[in-house]
Structures are given as C-alpha cells and as structure tokens.
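Asker: Start from the sequences and build out the full structure, keeping to the hints where you can.
The listed protein sequences correspond, in order, to chains A and B. FYI, the numbering for the first sequence is 9 to 529, going by the numbering used here. FYI, the numbering for the second sequence is 724 to 1171, going by the numbering used here.
The hints are simulated quantities; they were obtained by calculation from the structure and are not laboratory data. Careful: at least some of the hints might be erroneous.
Estimated spans, in silico, between C-beta atoms of each pair [said to hold, decoys possible]:
#1 Ala1168(B) to Ala187(A): 27 to 33 angstroms
#2 Val758(B) to Val28(A): 38 to 44 angstroms
#3 Glu469(A) to Gly761(B): 26 to 32 angstroms
#4 Leu452(A) to Ala740(B): 29 to 35 angstroms
#5 Gly902(B) to Asp219(A): 18 to 24 angstroms
#6 Ala187(A) to Thr730(B): 49 to 55 angstroms
Below, simulated DSSO-like cross-link-like pairs (lysine-lysine); rule was C-alpha separation at most 30 angstroms, straight line [as the list claims (entries may be wrong)]:
#7 Lys1089(B) to Lys62(A)
#8 Lys1007(B) to Lys952(B)
#9 Lys339(A) to Lys1113(B)
#10 Lys916(B) to Lys1113(B)
#11 Lys785(B) to Lys339(A)
#12 Lys138(A) to Lys1094(B)
#13 Lys195(A) to Lys138(A)
#14 Lys236(A) to Lys1089(B)
#15 Lys952(B) to Lys62(A)
#16 Lys155(A) to Lys1125(B)
#17 Lys269(A) to Lys155(A)
#18 Lys1162(B) to Lys1125(B)
#19 Lys62(A) to Lys73(A)
#20 Lys262(A) to Lys744(B)
#21 Lys195(A) to Lys237(A)
#22 Lys1044(B) to Lys1005(B)
#23 Lys1044(B) to Lys237(A)
For glycine and all other residues, C-beta sits at the position ideal for the given N, C-alpha and C.
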Amino acid sequence: MDKSQGRTSTAAGEAALPPVVTKSGHRALDQSEPLIFEQGVPGRIGVDVAPAPKVASKLGAFARKGEVGLPCLSEPQVVRHFTRLSQKNYGIDSGLFPLGSCTMKHNPRLNEKMARLPGFADIHPLQPVKTVQGALELIDRLAHWLKTLTGMPAVAMSPAAGAHGELCGMVAIWSAIAAKGESATRKRVLVPESAHGTNPATAALLGYQVDPIPATADGRVDLAAFEKKLGPDVAAIMLTNPNTCGLFERDIRKIADLIHKAGGYFYCDGANYNAIAGRVRPADLGVDAMHINLHKTFSTPHGGGGPGSGPVVLSEALAAYAPLPYVVHGKDGFRLVETKEGAAQPFGRLKAFNGQMGMFVRAMAYMLSHGADGIRQASEDAVLNANYVQARLKDVMTPAFGGTCMHEALFDDRFLEGTGVSTLDFAKAMIDEGYHPMTMYFPLVVHGAMLVEPTESESRESLDTFIDTLRHLAAETKKPGAADFFHAAPRLAPRRRLDETRAARAPVLRWKPPATKQAAE
Amino acid sequence: MRYLPHTDADRRQMLAAIGAKSIDELFADVPAHAVLKGPVAGLSNTMTELEVEREMGAMAAKNRPAGSMASFVGCGAYRHHVPASVDYIIQRGEFLTSYTPYQPEIAQGTLQYLFEFQTQVALLTGMEVANASMYDAATACVEAVMMANRVTRRGRAVLSGALHPHYRETVETHGRFSGFAVDAMAPSPDGLKGLAEKIDANTSCVVVQYPNVFGRLEDFSALAAACQKAGALLICAVPEIVSMGAVTPPGAMGADIVVGEGQSIGNGLNFGGPYVGLFAAKEKYVRQMPGRLCGETVDAEGRRGWVLTLSTREQHIRREKATSNICTNSGLCALAFTVHLSLLGERGLTELAALNHAHAVQLCEKLAKVKGVTVLTDAFFNEFAIRLPKDAAGVVDALVDKGVLAGVPGGRLWPGNADMANVLIVAATETNTPADMEKFAAALAEVL
Chain A
9 MDKSQGRTST
19 AAGEAALPPV
29 VTKSGHRALD
39 QSEPLIFEQG
49 VPGRIGVDVA
59 PAPKVASKLG
69 AFARKGEVGL
79 PCLSEPQVVR
89 HFTRLSQKNY
99 GIDSGLFPLG
109 SCTMKHNPRL
119 NEKMARLPGF
129 ADIHPLQPVK
139 TVQGALELID
149 RLAHWLKTLT
159 GMPAVAMSPA
169 AGAHGELCGM
179 VAIWSAIAAK
189 GESATRKRVL
199 VPESAHGTNP
209 ATAALLGYQV
219 DPIPATADGR
229 VDLAAFEKKL
239 GPDVAAIMLT
249 NPNTCGLFER
259 DIRKIADLIH
269 KAGGYFYCDG
279 ANYNAIAGRV
289 RPADLGVDAM
299 HINLHKTFST
309 PHGGGGPGSG
319 PVVLSEALAA
329 YAPLPYVVHG
339 KDGFRLVETK
349 EGAAQPFGRL
359 KAFNGQMGMF
369 VRAMAYMLSH
379 GADGIRQASE
389 DAVLNANYVQ
399 ARLKDVMTPA
409 FGGTCMHEAL
419 FDDRFLEGTG
429 VSTLDFAKAM
439 IDEGYHPMTM
449 YFPLVVHGAM
459 LVEPTESESR
469 ESLDTFIDTL
479 RHLAAETKKP
489 GAADFFHAAP
499 RLAPRRRLDE
509 TRAARAPVLR
519 WKPPATKQAA
529 E
Chain B
724 MRYLPHTDAD
734 RRQMLAAIGA
744 KSIDELFADV
754 PAHAVLKGPV
764 AGLSNTMTEL
774 EVEREMGAMA
784 AKNRPAGSMA
794 SFVGCGAYRH
804 HVPASVDYII
814 QRGEFLTSYT
824 PYQPEIAQGT
834 LQYLFEFQTQ
844 VALLTGMEVA
854 NASMYDAATA
864 CVEAVMMANR
874 VTRRGRAVLS
884 GALHPHYRET
894 VETHGRFSGF
904 AVDAMAPSPD
914 GLKGLAEKID
924 ANTSCVVVQY
934 PNVFGRLEDF
944 SALAAACQKA
954 GALLICAVPE
964 IVSMGAVTPP
974 GAMGADIVVG
984 EGQSIGNGLN
994 FGGPYVGLFA
1004 AKEKYVRQMP
1014 GRLCGETVDA
1024 EGRRGWVLTL
1034 STREQHIRRE
1044 KATSNICTNS
1054 GLCALAFTVH
1064 LSLLGERGLT
1074 ELAALNHAHA
1084 VQLCEKLAKV
1094 KGVTVLTDAF
1104 FNEFAIRLPK
1114 DAAGVVDALV
1124 DKGVLAGVPG
1134 GRLWPGNADM
1144 ANVLIVAATE
1154 TNTPADMEKF
1164 AAALAEVL
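Answerer: Here you go:
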C-alpha cells in the first residue's frame, strides 16, 4: 500500500505552526496565474513575422483605425501562462474520470500523431478531389467500419458532435415523413424522461411537440405507457440504449416494432454505444437512425468540451435522406457528392465542408488498433468494470436499481439520508481525494443520482483504490460533524466551491481594461 | 491489447466478485436474436502501433498536402503558419483529456482560457460579448439566424449574395425543417445589392459577410441602420478572422451579431474540420445566445475564479425550451486559437495581417497582368476574385498538375450557375513565397 495513504497536510511536530500564507500567491505547483490581458508590455511579440513588402494598400476605407486591445507577450511567457493553467485541470491522463454518460476513456497518443500527418492535416477542404483521394478513402473506410459494426446500410458522416448527429438523424426522419406526405399530421416525438437534454432540444428545433414517457420502477421505458401514447400523429421515439440509467432496454425490439407499426421511426441516441459495440448490432434492434459519438465510443479526445464528431447510421428506410456532402466510390476512384444527384434525396448541408476529418483520422486509428476483436473486448471490459464497482459498493451506497448494469453504475442518494450530506457534497469530497466526480443529478428520474462510468481503461488496482475511497467517504458521511466536513469540500483543489449565483446575477463574460471599468461604474 | 489493462485472471476474479459466471451474464438483457457470438465479421483484428501507422500512412500518402504545392485556396479555410508551441500546449493531457468544465474547482485551466477566448473574440469583432465557441462558421451562422428569430419574434432571414454558399446552404437546410423563411440573393461580388429592399415586417435579420466570399470588403453600416429602423438584426459573418488585424471590425459598423470562422488562428486545414465557430453579440441579447458562456466569480475563500454561467439557456437544464441543442462545442480548437492569438498579441496580429494583405496585393497585381484575367474585387484583405476567359474548374485542374492549387472555382461553390463558372477565388497568406506567386502567374498564362 502507498505510504501516503491517510496523509494530513501537517507533518509531525508542526501542529503549532500557523497556516502557510505565501507572498507570491502561488502554492507550490499550484501557481496563481493572472489573465493574459493582465500581462505583457506593448511591443513584445511571441511570433516573429516577416516584414511586409511595401504595396499600394487595397484596404480602401476599411483600414483599421484603432487598436484591437490585445496584450503583447513573448513566447516563453505565453508557454508558461498556459502551462500553469493546464495544471489547474483534471484530465483522464491525471486519474480515473468516472463521468457517467461522457465516456472518459484513454485517448491514445498514436491517434494524435496520425491526425498530424501532413497528408491529413494539411489538405484544404476545397482542393480538387483528385488531390485528396486518400482522405476520401479514409472517410469511406471509417464509414464501412461504422456500418459493419452497427449492421446499418448507410451512414451520414458530416455531423460535428452528438447533438448535431441527433439533428441529422431527426432531419432524415423529418424528410422521410415529408416524402410520405405526413408532415402535417406527425407532430409528436416521444422522449423518455431519462433522456439527455439534447434529445428534447433537438426535437423542439424541428418543431416537434415533445411528449415524455415515464420510466418503470426498474429503470426502463414503461412499455404500457409508451403503447398508449402511440398514434398516427407520432413521428418518432428518441431512445437511448443502453439507457441513461446504465441499463439495457429489454423490450427494445418490441418498442421498435410498435413504433414502426404506428408509422413512426426509431431514433436511438448512441451516446452509450460503447457498452455494446462489437457485441450487439443496432440494426438487429430495429433502429432507424443512431448517432455515434466518436469522442465517446471511439476515443477522440474531449478536449475540455470538444471538438466532437457524430456520424449517424441510417436504416434502409432513411438511407436516401442524408445530408450533403457524401463520398461515393466509382471506377475513377472516390468522389465527393456536393449537390443532389441520382435517386438520393439529400436534405442539404448541416455545416461547411466535409465533416470532422481530424476526428475521423483519430477514430480510424483507434478502430484499427483495437480491431473487431478489441472493440468487442473493450465493450465487455467497460461493462465488467461498471459491474465490479457496483458490486463492491452496493453495501455502502445505494444502487438505484436491482440487478447488474451495463457500462455505468447508477446510485441514488438513499445512503445519504439523514446525514445532511447531499449528492453534490459527496461528489465534491471526491475532488479532495484526487478523483473527478461522477455525473450528478442525471438522469433526472433518480433522486440525487450519481452515475459512475469507469470505462474499460481502468485497471483492477485503479478500480480497487477508487472503490476503497468511496467506501471510506460513505462511512465518513455517517460520523458526527460529517455535514460540515462535506459541505466544505473541496478544500485541496486550486479553488474552493465557486459562487455560481453571483456569476449568473451580474454576468462578467469578458475582461475589460481597468479604464473602461472605471468609466462604466 | 495495449489499451486494455485486464489480464484473463483479472477478468475471472472480477466476475467472481460480481457473482457472475461469465461476461455473457452481464449482457443477459440483450434479446437473444441480437447477441453476436464472436467479433463482428468482415473487419480486421487488433493491430500493433506500427501496423496502424503503416495503414494510416498509406492513406495519407495518397493526398497531396497544400504545403507540397503553391497553394492559394481559401473560401472559409486558410493555410496559415501555426507556431510549434500552440500544438504543444493543446496536446498537454490536462487540456486534451479533460471534459467540459462542469466541476469548476478542478477545471480552472479550461475556464480561464475560455474567458480569455471570449474576450479575444469580442475585441477582434468589436462586439460586447462572445460565447465559448460553436462547431464552425456555418453552424454559428444558423444559430445567429435562429437567435434573431427569437429576439425579434419574426421568421424570415435575408441572405447576401456574397455569403459563403456553404453558410447559405446550412441556413437554408435549417430553415426548411425549423420553419423559417430564407430569402437568398443571387451570387454577386456586390454583396449588399438588393438587401435593404428585401427587409419587411417579418424580417428577423439580414446576413452579410465581411470580407465577403469574393474577398470584397463592404461597408454595411447603412444597411445596419436600415435593419435597426425596421426592427431586424444585422448579422455579419467573418470567414477569415486574421483580417480583423487590418480592417475596421464589424461591431464598428453596427452589427448586432457577428459570427466567424476561427480556423485561421491556431488551427490547421484538416480537410474542413474540426474548426472553431465564433459567436459574438451585443450584450443586451446575451440571454438569447446559444452555446456555453464562461463567467467570472469568486470561490468560498473570495478568490477570483471562473464558472460556466447562464446555463438556464442550455439544453441540459432547459431541455425542449433551450436556445440551442448544442452541447459539445470546439473547446480544444478554441484553446489553439487563444494560444496562437496570445503569441501574436497586438503587434503580431497587426504585422501578420499586413503581411497577408501585402501578399494578396502582389498576387493580384501579377494575375491581373495575365492575358484574359479580369479582377472582380476592388477593396480586399487577403482574398479576391478574378474572371477567366474559360471555365475555372478546368483551369484549376490543369494547374494542379503544374504544382499550383490555384483557388476555388465558381463551379465548385455554385454548381450549375453559368455566370459563376469562370470565376476563380484566390487567397494569399504569409505562407506564400514570391516564387509561389510567380509560379502561379506563369502557369495560369500557360493554360489560358
């Protein structure tokens, strides 16, 4: 066992010393770092720019009159600034990141290296197609992997993220309904109460009325309630599977059959595809459209909130209704179809250019590395890890539902009852223990939800240490004075809890020069 | 498999701890017909790192990188030099492998750079506030139109004929299924033509581009005043953000919302993505803005810190009533932007913009001397349009074989539009050498 376990911040014999107050504001490796705008001296530069040749300006009356207002720094200053900022961040590279629904798995550096090959990184989206055959081949090959893994006949590659993919899939459904002349009548989309917020937001964007479906006591779609809501005015159901409670929807085939019988479509939110990739093909579950978050299942980095990529696999019924552009393979090599041609009924562009190529390259490198066998093993290990966490915590925390789970273990806050400690407090105490908190208060169908997704990247030792820590914290909540201790957490992070109410009441969304600030006050 | 830590013994022991006989038991809820007995057929199995590098390298080698030719392609994606330190910073694991900063106590690094990013975007565009990024300029443009629809409670967007066709098409796609009307002008270097006359009582916004897709700089301040008078918003799209180092910002001409493509600063071409959409607006509209916003606050000890704020606009709180469905945005591309712009600073950006402009002027002068070439753009930054005596797509194709990426032919952007077929849109940046420009002019003279 690590000798640092159970350590306090005071060494033996130092109890009498006053707390450390540093003059610099730094605290050893935690460096206090002002805004970039509060640094710099006019005239400095961090990039040497060649002198511009003298020409007769063609800017006309548009030449900039005043300054932009940017600070001037040298390269070492800038590198130090951002290095210090990085040290205030927690990433997967730092430790276990059990953020349920977000799939924080290892991001292989090979993928970064591949994305930086000039043949992928330094090609312009509007270069003549004959100069980018390898790029189109990669898109086509990735599409083949996605179609083969899911069993679906078509895939739309251009969506930029999960929510963008949802939009793409739902527009495909919208288009298919329009083609049948049923736009005026099919106005309702069924969305389980446990869904991601993006699902109802996406349906609403298309003008659909969002109709919630309740969950059963065991965390699945209430089949009877769903059946009652079906009718000729239903366009689709948007269902996550495995669902946001980390459970496989047992009745999924029945749900698919029922929605199809009612003339609607089955949109599957693929955020949790990483639990079943290589073991179950969504096509066999009756799915019509499903987005795949390449930044979850196929490990392209989350990067502090993007960029992502959200290709959408489509069933035969929807295959004709995909966005532009798309890649086709002909006798003269690959082509990029940018306008409507043939029998296809593309619904137009969803963004500029050709999709998130940089993410495609990373995902392709991930898939080739794993292979079909490795992808299957990764899904199994992800499910194994979540079940191991649940099994070893179920006596001290309260699993929200009985039985085994898929890739996420969901707990509620019953184990905190009467302690004065909330889900938030418990999660914040994990920060002091060196962990990123799990997803909290989501899904909404579980009181004080804590959604733990360890992913397949964690070793058994890592899981054991994590589990021991949570067991310890759960025991601590039962001790006298626990509420105060937990309310105060975190105390060892670069910042204590931040005042979010204040941030929202009078928003300060940018730095302003001191003079402007004074003038405004 | 190198990414998967468990040994078979680990797996056996863990299954025992769970009380399951096999992994299949954990998948018991999957309908029997859908259970695959082994790995999906028809795909390769695990590869070593070396094997993957060979496979990927073979595909990469089939492309001709812009840097291997004299490259003058722009139209919303520009080849600039990205300093080595930018790529170093964004590959630090604390940035690369972090999540959206929902736990601000351990995400101050991300939050502080987002606050700096928002400030930089507001300063560049001359606007009051900016968000923490969108996917790209085209999607930012759509979000701006939908925001204008909410602010004005109207449902008709008027689009300039000099708006990038991809931005226009993206707005049109959304208009069709979201139920707002889109009135787009025919393509023309005169991007302001006919717009004021199109404003009616149901017009929520007019969308212009600056510099426009033909590279032209246009003064839309009178149009902005007309919009204001009619109760509509003026949206300005900026495709080349480096231009802001040389020209009057759109905020100074009365734009209500400015969207832009941030790729030019810190981000490579990457065949079109990922890029970073910029979104800035007047402060009075902040509660109608889409996407994430980072705001300043204090922690429990009174120390300054940052959090994501005004999230009651967003889908994870508001669900079907959210201002947008966006969740993941372009965080890491925004970091690349922030680092690069911090390195440039006021002086570097000004010098870089001046160099881009000078190269474009030199190129324009050289191409204007080629027989049969007519320059269509009067005032421009680093991009301009020329008319050729024949179809520009064929010319571009012929020039590739001479090692020149000549620009974007009108036929690629406006397929089937005979009036645009002979138009070639050409960009120059700091990466172009005098030899590149000579080569282009000489090769063009040969093929015309």
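Asker: Each of the hints needs a verdict: does it hold here or not?
Answerer: Hint by hint, here is what the structure shows:
no.: 1; hint: Ala1168(B) to Ala187(A): 27 to 33 angstroms; result: 51 angstroms, violated
no.: 2; hint: Val758(B) to Val28(A): 38 to 44 angstroms; result: 59 angstroms, violated
no.: 3; hint: Glu469(A) to Gly761(B): 26 to 32 angstroms; result: 30 angstroms, holds
no.: 4; hint: Leu452(A) to Ala740(B): 29 to 35 angstroms; result: 31 angstroms, holds
no.: 5; hint: Gly902(B) to Asp219(A): 18 to 24 angstroms; result: 19 angstroms, holds
no.: 6; hint: Ala187(A) to Thr730(B): 49 to 55 angstroms; result: 53 angstroms, holds
no.: 7; hint: Lys1089(B) to Lys62(A); result: 15 angstroms, holds
no.: 8; hint: Lys1007(B) to Lys952(B); result: 17 angstroms, holds
no.: 9; hint: Lys339(A) to Lys1113(B); result: 28 angstroms, holds
no.: 10; hint: Lys916(B) to Lys1113(B); result: 26 angstroms, holds
no.: 11; hint: Lys785(B) to Lys339(A); result: 17 angstroms, holds
no.: 12; hint: Lys138(A) to Lys1094(B); result: 28 angstroms, holds
no.: 13; hint: Lys195(A) to Lys138(A); result: 44 angstroms, violated
no.: 14; hint: Lys236(A) to Lys1089(B); result: 72 angstroms, violated
no.: 15; hint: Lys952(B) to Lys62(A); result: 42 angstroms, violated
no.: 16; hint: Lys155(A) to Lys1125(B); result: 39 angstroms, violated
no.: 17; hint: Lys269(A) to Lys155(A); result: 25 angstroms, holds
no.: 18; hint: Lys1162(B) to Lys1125(B); result: 9 angstroms, holds
no.: 19; hint: Lys62(A) to Lys73(A); result: 19 angstroms, holds
no.: 20; hint: Lys262(A) to Lys744(B); result: 28 angstroms, holds
no.: 21; hint: Lys195(A) to Lys237(A); result: 13 angstroms, holds
no.: 22; hint: Lys1044(B) to Lys1005(B); result: 22 angstroms, holds
no.: 23; hint: Lys1044(B) to Lys237(A); result: 22 angstroms, holds
The structure shown violates the earlier hints numbered 1, 2, 13, 14, 15 and 16.
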